[in-house]
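Here are the chains, one letter per residue:
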Amino acid sequence: MKSVMRFLLVISVFLSSRSLLAAPVLSVTEVAPGIFVHQGVPELPDTHNHGAIANIGFIVGERCVAVIDTGGNPDQGRSLKNAIEHTTSKPVCYVINTHVHPDHIYGNIAFKSDGVKFVGHEKLARAMAVRGTYYIDKAADQLGVSLSPGDIIPPDIAVKDTLDIDLGGRILKLTAHAAAHTDNDLSVYDPQTDTLWLADLLFLEHLPVIDGSLKGWLAELKALENHAYKVVIPGHGPVVTDWPKSMQPEKAYLEMLQTEIRAMIKQGKYLEEAVETVGYSAKNQWKLFDQFHRKNVTTAFAELEWED
Amino acid sequence: MKLHKMLPWVFLLGLVPVLALANDDESEWNSRLKDQYFAGKTITESNDLIEIDAPYRAEDPALVPIKIVAKVPQSKDRYIKKILVLVDKNPFPFVGEFEFTPESGKADLAMRVRVNTYSHVRAIAEMNDGELYMSKKFVKASGGCSAPIGADLDAAMQRLGKMKFRLDEGVKAGEPALAQLLISHPNITGMQMDQVTRFVKKSHFVKEIRVSFNNKPILTAKTDIAISADPNFRFYFVPDQAGELKAEVTDTSCESPTSRDACSQGNSYSETYVVNP
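Top to bottom, those sequences are chains A and B.
Going by my numbering, the first residue of the first sequence is number 448, and it counts up by one from there.
Going by my numbering, the first residue of the second sequence is number 631, and it counts up by one from there.
This is chain B alone, in the form it adopts within the complex (with noise of 0.2 Å):
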């Protein structure tokens, strides 16, 4: 019997809670993920280089706070060039892949992801000469995928789009500045639909991210359906000068939750910011 025929017995059963206790492992990433991405590679597990931190428990599963602390500075000669960050056990675990650059100033990196049950989080950093560090955190969440789209769902898509960006204060030139960018979209998973009724839909959330301070590349991503509701990224850049911050964002539509084989071109937004240090 495969398992997928098999699934609607152990929810009969009532074996799920067994299930998701039995979840505090490795077996996704030894068994998949660690080839998947890093196949033949060597990757040192340590906070060292980068920490994640999340919380143990999830208030909103659909809405998880993370953070991404970077213990080196970026700098010409060495520098931290990509973090993948991975929840294990979501239907589709690839979150994100963000890249650097040594005007990121530091790698560090904040959002709110989605996490479908007890899963480890883990980030990967890979630094420029390849070497590979990974940092992970246990989290007890559960129905983050699936979970209702945001509270108020026509709010929400009649702001489709809308972009801004947050600046602390005192902004110094040539100084690490951290700023916020805030998407607002609903980034649909495509697993809170209800495939027999009439509203049925795809998935449709923000792939890919592109931020620049005076067209010079600070944080290039690529994102997927783990991200929260009204994506929000926490990041740093030098304002080496006055100039202008600005985002490109494009997002996509595709037919199924979990591949990636059938999707829409999307649309693209674009929002910019006067940076005065």
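So that you can see chain A by itself, here it is in the shape it has in the complex (with noise of 0.2 Å):
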């Protein structure tokens, strides 16, 4: 008897040995009663990182929890549901993707199960589909990281315009942005803490990277700039507490592009040479400009020149 109990106490120890090499625990930090984020990297996404670069986390009401962006890959989602096992017993009820990039939706195959509904921008699951096969063909290449069709899973609940979710005595206030950062932009307001979830609306010391709308972008920073809140969490940098100071650098970039580019179109210019001249005056107040400033050109010099 003995000897059996030793023998499972070995089996078990090797068991939970394993599964904490296979996926850690994710470090998360309280930043207001019941939200937990853990701050991602200003990092390329690439094979050391595997695409874990993101700000994700989640938020705890009195019945369940919620997960807002499950990291850049499987692994990282199951260190996130680690680390929302060891932080409540409370399951989880929801898992929203804020938008379609790989390093905010790589995790959710970890949280798929029958208590689980996924969340998102009635757009999300258009994108999922339109870079799906794209995105599983670079993840191997690129991240190092191995993906099926399976791994990305669309919204079981598509938002339009605003949709509240009941945590039990929490309700979370989420909203589907007009086409800014990319079209499926998705944004959470938990009420409770005055605490705004804005993901890739908004960037902190990362360059901001336009994959929709300059000129939506724009609107969406008008409209949150007229509010105050308490805490604001980027998707990428550090968690806020100035609203609106801390979107300034970002509006800055952004209205800096659209006043330039704009002057080069009215002179004829190109935009091989929009790409070369626009918007250097900014390269040393971010990181990562080199590896997106030139694309953000691109992408916004083929908007605009459609403005009139």
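Worth flagging that the hints you see were computed from the coordinates, not collected in a lab.
All values derive from a computational prediction rather than experimental measurement.
The C-beta atom is built at its ideal place from N, Cα and C for all residues, glycine as well.
Only some residues are given here: those of chain B computed to face chain A with a beta carbon under 8 Å: (1) Glu689; (2) Asp690; (3) Leu783; (4) Arg796; (5) Leu812; (6) Ser814.
Hints in hand, dock the two standalone chains.
In structure tokens, the structure reads:
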């Protein structure tokens, strides 16, 4: 009997250490009561970080937990799940994807189970479908992560304008935004703590990346600027408590792109020239400027040349 | 084992980067493309007649600006009749075939293309006497044909068919003037779509462009899915007098991204611009 007990003990230690190896407990910080955030790193997704670069986390209610973005690969999703189980005994009931980008959705598979509803912008499912094949092909090559179509889980609940979800004694207010960072941005507001989870509508330190609409993004920022929030959680960079001051660098960068590109189009200049000259005054203010700026100019130019 | 059956294993084994590195070659051109388009003909490879320029490393594989500069003027006796543009390693290498006339003034051409993997982009010019000249440039890009369609697809679909001309100021009578033609069209390759979901779409692209000045052809082009979303062309024409620049564009939709056997009739769009030199 004693030897059987010892055997079981050895087995259980072996199993738990194995699962720890496979998926550790992700480090999270409680930024407001019941709101936990793992802050990502200002890096390009690559085969070293395996795409785990974005801010992700969860909000705990009296009945259950809402996950907000699941990470850059299935293992990071499992580590986030471990962090939730470390923090609370309440089950996960919602997974909210703030938009289609891989660093925010590739951990989805870790949370797929009967009691969990996936929630996203009404255009998220389409964006996942049209980008899925491309993303999966790239994951092996660029992230060193093996993915299959089953890992990209479209939302069960599509948000068109706004939606309240109830975690028990805690209502989260979800807003589907017009095209801005992408064409499927969703933000999450927690009235109880006056916290706004803006995800990639707000970049800090990491250069903002335009994959939706420059003009649309500026319009969303203008509307958000008129509100006061106690805590704001960006998709990249540190959690901030000085809104709207904290969004000024992003706004200034986007406005500068808009002003300079409009001027070039008016002067009859071409995209090739704009990519070489627009916006380089902002170079030292941002991380990953060299990696994303020229792409931003390209995307913005292609949008603004259709203005008139 | 057939190649298409082996592909999943190639991906699993992580051999893709190795294959990509091996792409700096002429294999597609030598084994297939040259015979497909120029069987039995002699092509002079040189930058003396036309020269193609493209960024060595593309910022956005779905929007790679390329430019072809003609080193000879378009005269009545000697002119560039046609330029074929190919991206060797694209799933459908044909980018477009562009026909010029003496009225074009200069056979320069700029456009934005999709490049799917490390590949040569080549332009082959055919003179009015049948001589062939080729210029090429190697471009490092990947995923241009399957890359997500325009950032804001709904906005793109809403303005589909809208067109505009842009001309530099100070157009002079009898001298070549540079014109830019912007066509709003998502130019969907059909490769972006997830075939197992309800979001299946066909390829949907601009297949023909006719630009004329006072009804005389300036540029006539057959184009395909390798042209970027919102096709954008720059070319010359000679405004000998005041008149009307006109573009007529026709699109099509095909069942497969890489076969042109089953395609629909498509729609036509046109735009005019008054020129007063």
